[in-house]
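A.B. asks: Sequences and hints are given; from them, build the entire structure.
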Amino acid sequence: MPYVVQLLCLILVVAACLIVVIRPGWRVLLTALLAFYFIQFVFLFYSTTTLFAVINLIIGWMAAGVLGYSSHRAGLADESHQIMAGTTFRLLSEFFFILTGFALSRSASYWLTNIPFMAITAALILILTGILLLNYYHQSWQVISSLLVFLAGFELIYYMLESSLLVVMLIGLVKMAFAFTGSYVISLHRQDKSS
Amino acid sequence: MNSPVIWILFPAILSIPLTILRNNKKLVFSLGIATSIILALLAWVVPADTVLKLGAVEYKLSSTLTILGRELIINSTQQTIILLMYGMTAFWLIGAFAISGPSLFPAASLLMNAFLAASLAVVPFLYAAILIELACLVTLPVFFQSKRMLGSGALRFITFQTMGMTFLLLSGWLLGGVETAPASQIAVLRVLVILGTGLAFMLAIFPFYSWIPMLTEQEDPYFVGFVILSLQTAILFFVLNFLENYAWLRNSLELKQAMLLFGAVMVVTGGVWSAFQKNLGRMFGYAAIVENGLSLITIGLMSFATLRIFSDMLLPRILAFGIWALCLSVIKSSNDSLMVENLKGIAKSKTLIVIGLLVAQFSIGGMPLLAGFPLRVALLQEISFELPGIGWSILVSIVGLWVAGVHTLSVVINSPTPWKKFLVSNIVINFLVAIGVISLIVLGLLPQLYTEVMEKLLLPFAHLL
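Chains F and C supply the protein sequences, listed in that same order.
Going by the working numbering, the letters in the first sequence line up with residues 1 to 195, in that order.
Going by the working numbering, the letters in the second sequence line up with residues 1 to 465, in that order.
Hint data in this document are derived by calculation from the structure and do not stem from the laboratory.
It cannot be assumed that every hint is accurate.
[To be verified] Pairs of lysine to any residue, SDA-like flavour, derived with a Cα cap of 25 Å:
no.: 1; chain 1: C; residue 1: 25; chain 2: F; residue 2: 35
no.: 2; chain 1: C; residue 1: 456; chain 2: C; residue 2: 240
no.: 3; chain 1: C; residue 1: 25; chain 2: F; residue 2: 191
no.: 4; chain 1: C; residue 1: 278; chain 2: C; residue 2: 402
no.: 5; chain 1: C; residue 1: 25; chain 2: F; residue 2: 184
no.: 6; chain 1: C; residue 1: 25; chain 2: F; residue 2: 96
C.D. replies: Structure below.
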């Protein structure tokens, strides 16, 4: 896999993670999810088979699409503007998690030898950002989206280790189940609001 | 026709019409109960991979189904586990119908069972973690059907299960490496830590068990009881599969010590916290943690005798938790709360329900003459000389559960009002609770009635026996 592509993907992951943490809101979160799945696709395209990469991209985008469609229909409001201190705190915490991701990726690369270093770093940053978002968010659909971010990071590592179509399908099913659950929760929110 | 089609695909497909028809509660519950009973009976009477003669016709039920290059195998040794799963579902669905439980319950329980059966059947077995995660996800619609939202307990439940799945999948990959090549001590330790963390998340091992009392407090205790019991049982068999498949794991002293240590911590904290709870739902949750801890101890000891105790404990546990959850659900639906201070004197208007609640609670606490007692004694006999510390931890948990039971008893009879009604108006609930109480007493007096059958649950794990 070309080094420049790897580097670009990593920069994109870091940028998207920073934005998603400091600008909470369903549009930003779901756009970031779309970006994460695309980056996952690029890494998998070079490291595994095209079929795996494409299937994963389609399922990931479908999951984000389902959540996005429901959020749009429900008219979910983006969170109100944060005060400066809150934004700074979020930024610093994400910055710390990104640094942790970089620090851990060095030792992780010793035992995940057949995975590109940048992919490991990107995956760890995604996993840690997912965990951070889980702590910031409390609404059901936000927690579900955070879990999808966490899973996106895990998938990036796991699909390079285990090449099984059944696993891709089953984890795809997990993602779709998350998306439909989130969508249903959002639709209930809309019904309650309209009634 | 093959066995995975019968016990995995059929219930999974049936859950779709059951979801669509959920407005017709009577129909979906009848179909769900009938299907569970039929599938349990089939698991009992039709062994896979054996030629059956029906008059002149010979028929063989194949045990293997191939999907996307991998196999699902349900052979005759696994059928006792399948029988237990579907039998338990039937028992739970009858109760759910009686208390007018959520209409998505039948569909969710069948689909959940399909995924859990698949988790036992999938080869390589490491993929079971994803199937267990799917089984957890299936429960979410039932949680928010009545409350129109997901509570913090349900969200924490699904978060922990998802994290557990990722750790277990990763540990599966690492285990393959350790098994095929002579590994360094650090590599072995790394696998054990990742595997242990995954199991801690999924099996609700200390310190990741907070979701259980949260869930039992916030959601309908009857459905939560079913979810916890089904999932934990399937995950415990998954643990046995790990030990069965990896010899070095079976012989790992570190794993054994970790299982015993965490099991003891769960048993003690579950029992002690249970004594201090002011909500009957949370008491129920902590009792479930104690049972998980006991299972961990029996598996961690890795001897034939303790594994037999592990399998024997499952039937009394299912019965006791079933009755306990049913009684809690009845109380919650009439009182709208499970806070102890709101239940003063409830024994005088729902005597049978309170008897059921207390008998189940004391059975889990291991009170003499009840079903939990012989197994607690057997376990204490096995470990008291070798591991007295673990023995004391079990005794402490028993004291904690008894204190919780006595506290419940003192509150539910504490009222100046006269005794009013022994039974509740629903005859099915009365019948189920009465049968449950009698069964818990009979199983306590005559444990030999079921131990032989329950030990068949261990047949798929030949290396452990």
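A.B. asks: Now, for every hint given, state plainly whether the structure supports it.
C.D. replies: Now for the hints, and whether the structure bears them out:
| no. | hint | result |
| --- | --- | --- |
| 1 | 25(C) x 35(F) | violated, 43 Å |
| 2 | 456(C) x 240(C) | holds, 14 Å |
| 3 | 25(C) x 191(F) | holds, 23 Å |
| 4 | 278(C) x 402(C) | holds, 15 Å |
| 5 | 25(C) x 184(F) | holds, 21 Å |
| 6 | 25(C) x 96(F) | violated, 52 Å |
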